Each structure stands twice: as structure tokens, then as C-alpha cells.
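Produce the complete structure using the sequences and hints provided.
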Amino acid sequence: MKKNQLLAKWLNNDLSEDELAAFEASPDFEKYKKIKFYTDHLEVDDLDEDTMLSNILKQKKAVPPKVVPLYKNWLLRIAAVFVLALGITFVYNTLAQQTETADFGEKTAFSLPDNSEVVLNSGSEINYKKWNWNDNRHLELKGEAYFRVSKGRRFEVETNLGKVSVLGTQFNVKSRKNRFDVICYEGRVKVNYNDNQILLTRGQGISFENGKQLKMTITSLKPEWMENQICFFKDNIKTILDEIERQYNIEIELNAKNTTSLFTGKLPAENLDTALQIISTTYNLRIQKVSKNKIIIDEK
Amino acid sequence: MPNNPKSNTCDEIIFSSFFKTHIKALRNFLFYKFGDTQKAEDAAQEAFLKLWQNCSSVPLEKAKSYLYTIANNNSLNEIAHQKVVLRYEQNFSGLDKTNENPEYILEEKQFQSKLLKAIEKLNEKQRTAFLMHRIDGKKYSEIALELNISVKAVEKRIHLALLSLRKEIDL
Numbered sequence: 001m002k003k004n005q006l007l008a009k010w011l012n013n014d015l016s017e018d019e020l021a022a023f024e025a026s027p028d029f030e031k032y033k034k035i036k037f038y039t040d041h042l043e044v045d046d047l048d049e050d051t052m053l054s055n056i057l058k059q060k061k062a063v064p065p066k067v068v069p070l071y072k073n074w075l076l077r078i079a080a081v082f083v084l085a086l087g088i089t090f091v092y093n094t095l096a097q098q099t100e101t102a103d104f105g106e107k108t109a110f111s112l113p114d115n116s117e118v119v120l121n122s123g124s125e126i127n128y129k130k131w132n133w134n135d136n137r138h139l140e141l142k143g144e145a146y147f148r149v150s151k152g153r154r155f156e157v158e159t160n161l162g163k164v165s166v167l168g169t170q171f172n173v174k175s176r177k178n179r180f181d182v183i184c185y186e187g188r189v190k191v192n193y194n195d196n197q198i199l200l201t202r203g204q205g206i207s208f209e210n211g212k213q214l215k216m217t218i219t220s221l222k223p224e225w226m227e228n229q230i231c232f233f234k235d236n237i238k239t240i241l242d243e244i245e246r247q248y249n250i251e252i253e254l255n256a257k258n259t260t261s262l263f264t265g266k267l268p269a270e271n272l273d274t275a276l277q278i279i280s281t282t283y284n285l286r287i288q289k290v291s292k293n294k295i296i297i298d299e300k
Numbered sequence: 001m002p003n004n005p006k007s008n009t010c011d012e013i014i015f016s017s018f019f020k021t022h023i024k025a026l027r028n029f030l031f032y033k034f035g036d037t038q039k040a041e042d043a044a045q046e047a048f049l050k051l052w053q054n055c056s057s058v059p060l061e062k063a064k065s066y067l068y069t070i071a072n073n074n075s076l077n078e079i080a081h082q083k084v085v086l087r088y089e090q091n092f093s094g095l096d097k098t099n100e101n102p103e104y105i106l107e108e109k110q111f112q113s114k115l116l117k118a119i120e121k122l123n124e125k126q127r128t129a130f131l132m133h134r135i136d137g138k139k140y141s142e143i144a145l146e147l148n149i150s151v152k153a154v155e156k157r158i159h160l161a162l163l164s165l166r167k168e169i170d171l
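Listed in order, the protein sequences are those of chains A and B.
Take the first sequence: its letters are residues 1 to 300, numbered as in full-length UniProt numbering.
Take the second sequence: its letters are residues 1 to 171, numbered as in full-length UniProt numbering.
Keep in mind the hints are simulated off the structure, nothing from the lab.
Predicted model only: the values in this text are computed from it and were never measured.
Backbone N, C-alpha and C define an ideal beta-carbon position, used for all residues, glycine too.
Computed cross-link-like contacts, DSSO-like style, restricted to lysine-lysine with a CA-CA straight-line distance of at most 27 Å:
hint : chain 1 : residue 1 : chain 2 : residue 2
1    : B       : K156      : B       : K138
2    : B       : K121      : A       : K34
3    : B       : K109      : A       : K31
4    : A       : K300      : A       : K266
5    : B       : K64       : B       : K125
6    : A       : K36       : B       : K114
7    : B       : K138      : A       : K36
8    : A       : K34       : B       : K152
9    : A       : K36       : A       : K9
10   : B       : K64       : A       : K9
11   : A       : K142      : A       : K212
12   : B       : K125      : A       : K33
13   : A       : K142      : A       : K294
14   : A       : K58       : B       : K39
15   : B       : K156      : B       : K117
16   : A       : K31       : B       : K138
17   : B       : K39       : B       : K121
18   : A       : K58       : B       : K50
19   : B       : K156      : A       : K31
20   : A       : K107      : A       : K289
21   : B       : K156      : B       : K121
22   : A       : K33       : B       : K152
23   : A       : K9        : B       : K114
24   : A       : K33       : B       : K117
25   : A       : K9        : B       : K121
26   : B       : K138      : B       : K20
27   : B       : K125      : A       : K31
28   : A       : K234      : A       : K107
29   : B       : K139      : A       : K36
Some chain A residues near chain B, calculated using beta-carbon distances under 10 Å:
hint : residue
30   : Q5
31   : K34
32   : K36
33   : L42
34   : E43
35   : L53
Some chain A residues flagged as far from chain B (calculated, every beta-carbon gap over 12 Å):
hint : residue
36   : E186
37   : T219
38   : I250
39   : G265
Okay, here's the thing in C-alpha cells:
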């Protein structure tokens, strides 16, 4: 046995007879015996067990009986899901990008959060964000649209060709292929195209095509396309036919070489036959209606 | 078995008898550790209260170790230790009634008070194990369980306690 456990063994009466005899013979034995004897008679103050127990048993009632977790209540669960869905929808609506489109043969009118009005011409699209709209009136346009902007902070229309910024006014922006037209109907409009910055006032318009700049003067109060007319200003036949395809939602095949002559004038947007008639006369072309949605144009 | 509604720890009668069996030893244990009866009592009550409040998740078999775990972890750890002041049982003189030699009586009295002083001077670990054995009459194995140490470690602490007591008394 290890020496360092001897005293503990003895105190616990675990020593064998031999070990005990040897220990009893040691000079310190009497002292240890006394320690053992006296410590057998030590005590600690009594305590009032009953009071403590009743205190404890009482305490439990003070604790809320049972917590029913919120998620165990079906009604609340459904409500929570509902609220969550509502919240997500709200956040999505305000933060996510809003897209308004007008398909071929259609026009779409809508209002922005500041009550500015936008009318999209056929085959056009606008992207914007509702979030913080009043401080950041910025939208992206593909195609053509007419704007009536409420007074407020700078209003910006960005197209892949150029940028238009205004304060409060009415204007039309057209960005098709390489051609970028801006017409101002009221107030003032600032147009950025490449490095150029042009200021338009009421009744002025500007057109850029492949870097070339054309000035326009307008007498109408609204874009013609909003009154179901297609207006062209020095446009080539390709551009005209593209616009007709968009307005009437049809397909046109052009088998003619002469596409350099420029056309200025108006075509009806509701009467395809008349529109085609005008083109055929102007460019001296033969028009064949293959099917309801397909037209082939040949040289005469 | 967490959340077992059948856990009998929640039965008031069973809990009460469990309380009566263990409260004194728990209080004493905390007293040996910290040397203040009032604080030891508060801490013991706290531990039992926690057991009572969580009775549904603590089965009776585990209740004791639950108590001692709480008591060991108790914030009393931060309280400054006080001297463990003990006393002998009432009506106990420790004297041989047949020997009325005044010299003998004086010597015994001196020994008794030296012993108490020596116990006060023991370090906390040795004193706690030693007194759990001497006052509460616990087995080494029980002490080991409650202190969360091995029986060997208990024996070592008690051995060292005895050694230093003897040394202290001889001074």
C-alpha cells in the first residue's frame, strides 16, 4: 500500500490487521487517534429544513405554469406564415426591380410612385425600382415611351444609346436599334448622347443615328403614336418597316435593295392596308400579304 | 428522459423526502467549502429550487448529482472564503470522567481548541473532503461522486488533511 493513503485508509477503518498493528506502534498514532476521536464529535449548526422546504415548494407556483411555445399554436403559425409572406412581398415589391412591358401590337400606360405617367409604345420595356423612388427617379428604357413627369427631383431615363434627364415635363424617348430620338412637349429636357449634351425646350426634338445628329421641330402636343399614328422623321425604310412590325405585330420580309431614301411623314397605326399602301407608293414597291401575319415586299 | 411528465421528482411527497435526505449534507458541503452558514444555506436552497423547477426533466436517480453540479457551479465561487468555524457537539466534553486531574483536563481542552484552529487552516479541498467524512459520515466513494473526483483523490486529500492537522497541532 502506498504510504500516502495510509491515514485515509485508517480513518475509514480499511487497514488490515498487520497494517493497523504497525500504525498503532508508530509514535504519532496517539495524536491521530485523538484527532479521529474529537472530529467524530464535531457538528454544524442545525438548519430549519421545514421552512426551507416550504419556501421551495411555494416558489414553483410563482413560476409561470407552463410555457406554450408560440409555434405550437396552429392559428398563430398560420398567421406567422401569412405575415411573413406579406412582408416578403412588400420588401420584394419595394426593393426588387419593377418591369413594365408593352408587347408587339400593344401599348401600356402606367404610373410611377410619384404619379408621373408613362405610356409605353409597342415592343418596349421599362425597368425601375420603387424603393426610394422620390429621391432617385431613375429608369431604364428599351424602345419608345412617352413621359409626363411630375415636379420633383431629377428624373432620368437611361437607354443603351443615351440618357435623358429632366425636372418636370412631358417628353418622348425613342431608342430603337441605332436610332435615339427625344422630343420635348413641355418644360426642358437634357439629353446626353455619347459626349454631347443638348438642352431641349418645348416643341424641340433631337434625333441621333449612328452618331449623326438631326434637329426636329414639333407642333403636336403629344407623340403621334399615342393618337394611333406612326410618325417618322427622316427614317429609312428598314426603320419604318421595323416600326410597322411592332405596331401591327406582324412579320415583314423586304426584298429590295434601295433602302437609303429617307421618309418623313405619318402612317396610321390602326389601318395596316393604308399604311402599306403609302409605303408601296412612296418607295414604288409591291406588297404581298402572304398570311394574316406575314407580308412580303418586293421591288416592282 | 427530458420532459418526461412521469418524472417522480415532481411529486411533492417524493421531493420532500428527497429534500430531507440531502439538504443537510448539501448545506454542510457548501459550508465546508465557503465557511458561511447563511450563504451555504442560500446556495443549498437555490440548488433545490432549481431542481424543483426543473423536476420534470430531472429523474430522481439523477437528482443528487444534479444538485451537487449546481452547487459546485454556483456563483458562490466568487464569494471570498471565510473561516470554517466549527464546534463540538453539545454535552460533549471528550474527557475521561474518571480522570479529574486538572493537568489532564487542561491538556485535553487545549488539544480540542488547537484541533479546531487546525481545521480552519486546512485548504478548502482537504477540509471539504475531510469534514464530509467526519461530520456527515459519508463514504469515500460518496464524496468522490459528489466532488466529481476519483476515490483515490479523496483518499489523498484526507491523508494530507490528517498530516497537516497533526503538524499544526504539534506546533
